[in-house]
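Chains as they are written, first to last, in the numbering used here: chain L, 1 to 198; chain G, 1001 to 1210; chain S, 2001 to 2210.
Simulated from the structure, these hints should not be mistaken for lab results.
Even for Gly, the Cβ is constructed at its ideal location relative to N, Cα and C.
Don't take every hint at face value.
Okay, derived cross-link-like pairs now, SDA-like style, lysine to any residue, Cα gap no bigger than 20 Å in a straight line [as the list claims (entries may be wrong)]:
(1) K2155/S x E2204/S
(2) K1180/G x S1202/G
(3) K1070/G x Q121/L
(4) K1117/G x V2158/S
Residues from chain G that keep clear of chain L, each with C-beta distances beyond 12 Å, as calculated [what the hints assert, rightly or not]:
(5) S1005
(6) H1162
(7) R1166
Here are a few chain S residues that face chain G, going by a calculated C-beta distance under 7 Å [as the list claims (entries may be wrong)]:
(8) H2162
(9) G2165
(10) S2174
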Amino acid sequence: PVCPRGSVRCQVSLPDLFDRAVMLSHYIHSLSSDMFHEFNKQYALGRGFIPRAINSCHTSSISTPEDKEQAQQIHHGDLLNLVLTMLRSWNDPLDHLASEVHSLPKAPSALLTKATEVKEQNERLLEGIEKIVDQVHPGAKENKAYSVWSGLPSLQTADENTRLFAFYNLFRCLSRDSHKIDSYLKLLKCRIVYNNNC
Amino acid sequence: FLGHSPPGKPEILKCRSPEKETFTCWWKPGTDGGLPTNYTLTYHKEGETITYECPDYKTGGPNSCYFNKKHTSIWKIYNITINATNQMGSSSSDPHYVDVIYIVEPDPPVNLTLEVKQPEDRKPYLWIKWLPPTLVDINSGWLTLQYEIRLKPEKTAVWETHFAGRQTQFSVLSLYSGQKYLVQVRCKPDHGFWSKWSPESSIEIPSDFI
Amino acid sequence: FLGHSPPGKPEILKCRSPEKETFTCWWKPGTDGGLPTNYTLTYHKEGETITYECPDYKTGGPNSCYFNKKHTSIWKIYNITINATNQMGSSSSDPHYVDVIYIVEPDPPVNLTLEVKQPEDRKPYLWIKWLPPTLVDINSGWLTLQYEIRLKPEKTAVWETHFAGRQTQFSVLSLYSGQKYLVQVRCKPDHGFWSKWSPESSIEIPSDFI
Chain L
1 PVCPRGSVRC QVSLPDLFDR AVMLSHYIHS LSSDMFHEFN KQYALGRGFI PRAINSCHTS
61 SISTPEDKEQ AQQIHHGDLL NLVLTMLRSW NDPLDHLASE VHSLPKAPSA LLTKATEVKE
121 QNERLLEGIE KIVDQVHPGA KENKAYSVWS GLPSLQTADE NTRLFAFYNL FRCLSRDSHK
181 IDSYLKLLKC RIVYNNNC
Chain G
1001 FLGHSPPGKP EILKCRSPEK ETFTCWWKPG TDGGLPTNYT LTYHKEGETI TYECPDYKTG
1061 GPNSCYFNKK HTSIWKIYNI TINATNQMGS SSSDPHYVDV IYIVEPDPPV NLTLEVKQPE
1121 DRKPYLWIKW LPPTLVDINS GWLTLQYEIR LKPEKTAVWE THFAGRQTQF SVLSLYSGQK
1181 YLVQVRCKPD HGFWSKWSPE SSIEIPSDFI
Chain S
2001 FLGHSPPGKP EILKCRSPEK ETFTCWWKPG TDGGLPTNYT LTYHKEGETI TYECPDYKTG
2061 GPNSCYFNKK HTSIWKIYNI TINATNQMGS SSSDPHYVDV IYIVEPDPPV NLTLEVKQPE
2121 DRKPYLWIKW LPPTLVDINS GWLTLQYEIR LKPEKTAVWE THFAGRQTQF SVLSLYSGQK
2181 YLVQVRCKPD HGFWSKWSPE SSIEIPSDFI
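Bound conformation, chain L alone (with noise of 0.2 Å):
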C-alpha cells in the first residue's frame, strides 16, 4: 500500500523521485534530440549552420562539468543546484519554441507536438528536481538562479536564414543541455540512492 495505516511520513521516497526524474529527463533528451533532426534535415542541412552556432546557448555562461571525472567530483547538493538553474534557464524559451516553431514553413505536425510535450515535461521535471532538493537539503537556500534567453527577436525576424538560424540553435542548445540534465541526473541517482552500484 502506498501509505500503510499509521505511517508518519507519507510520501513518495527518494529512490522513486530519483526513478522518475530520470526517466523524464531520458524522455525530455530524446524528444529534444528527435526535434533537432527533424529541424536539421528539413531546414538547414547546407546552410552552414554548425560553425556559426558553436558557442552560443544561452545557458553558455553555467559552468558545467565537461566529463565524467569532473561531475564525479562536484558536491551532489551542487550538481542538483546546477540541473535546476539549467531546467529554469529553458522555462521561458520553450514556452516561446511551442508557439514559434508554428511560423516555420510547412512545419511538420510532430514537431509541434513535441515542442509542446517538452515544454510541458520541463515544468514537470523541474518541480520534481524541486522535491528531491527538498528532500536531499531540507531547509538549503532556495536556489533560482537561471541564465535569460533573449533570442525571441530573432525567432521572429522576417529574415529567413537569420529566423531558421536562430530555432537551428535553440534546437541544437537544448539537444545538448537535455543530455546534460539527463547524465547528471543518472548520475545523481546512482550515488546517491544506489551508493555509485547502479
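Got chain L; can you put chains G and S on it based on the hints?
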C-alpha cells in the same frame, strides 16, 4: 425529519491513470438517510496543508473526479477523502492515498496481427504480433510493459492464456487444425493494473496444420 | 618529379565513442600522387582558438586518431581536419564536426549464457543471461544500456528478436523442442547506436520441452 438520518459513509472504489499524466477516482455513495445528499471530493497533497476540492466532477462520469495534467503531480502523494452531506449531517470516507505512478492502467495494446507460419524445416505455428498502446513511449523507459495473450477456438468457452513477458510477439505451437481461433492481448506496467483485453482478432487454422 | 602530384583529398570515415569517455576517428587517404605521403589530424575545440594535433595515432590502428579521457570533452564540438602532405604539396579534408554525445556505439555485451529451465509449477523456458561490455561504466550511471536479443533454430533463416529493456537477462517462452538454437545479444546506450551482435551461443532444447 422522521425516519431521516445523516448520510452513510461513502467509499472510494478506485483511482486509475491511463498514462501517468492525468487520473480519475470513483466512489460509491453510502446510504443517503432518505434525504438529498451532496458529495464532494477534497484532497491534500503531500507536504502541503492546503485542502483542495475536486477540479472536475463531470469528465469521469457519475460519482467521479477527474484530475487533468495541471492537477496531476507524479512527485507527491494525494490524500483523498469523499464527504457526504445532507440536512441531518455529514460523513466522510476513510482517507485514500494515491501515488499516480502506482495506479496506471494503460489502454490495451494495438495492431494485433495473426499469421499461420508453415516453414519447411519446422512444425507450423501461429505467429501473434502487436504494438504497445499508442500513448505509451516505450523506448524512453517512461513505461515498461508486460503482456498476456489468450486464445480459443471460436465455439469453445475456455480461453488458453499465455504470459508473454516483455515480448511483443509470440508463437503458439499446438493448435487444432481446421478451427477458427479468437485471439486477444492485454498489457500491464511494472507497477500498475492490467489493461482491458484488446478487441478480438480471428484466424482460420488450415486443416493441414499438424 | 615526372608523373608525381600533390596528394588527393583525404576523407574522414567515422568517429566513434565506445563508452562516452574516449573516442576514435578513422580516415581514408586520398591518392598519394606517387610519393610518400604523410597524414596529420588537427582539430579545434568549441570555445577555443588553439589548433591541436592528434594525441595518439597508434591505438586505433592505421589511419586513425585516438582521443583518451584527458583529450575528450563531452558537450563540446570538435572541428576535425585531416591533412595529407608530400613533396609536391598538400591537401586537407573537409572539416568534420563531432560532438561525442552523438557518436556513442558500445562494444557488444559479453558472457552470453543460456540455460533451459523446467520448473514444476510453470511451463519450461529458455533463460538467457549476459553482462554489459567491459569498457562501459554502468555503476556510476554515466552510461545506461538497453539490450536486444535474437534467436533462431540453427537451420532456419529468420531470427526472432526481443527487446529486453535494461535487464541483463530474458526468458523466452515458446520454443521448438529437440532443436538446436542460436542466440545473440546486442546493446544500445540510452542515447546512441546499437552495438554489433555478440558472438553466437547455442543450446539444444530437450525433446520434452513442451
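Each hint tested on the structure:
no. : hint              : in the structure
1   : K2155/S x E2204/S : holds, 13 Å
2   : K1180/G x S1202/G : holds, 7 Å
3   : K1070/G x Q121/L  : holds, 12 Å
4   : K1117/G x V2158/S : holds, 12 Å
5   : S1005             : holds, 28 Å
6   : H1162             : holds, 29 Å
7   : R1166             : holds, 16 Å
8   : H2162             : holds, 5 Å
9   : G2165             : holds, 6 Å
10  : S2174             : holds, 5 Å
Comparing the model with each earlier hint shows no violations; every hint is respected.
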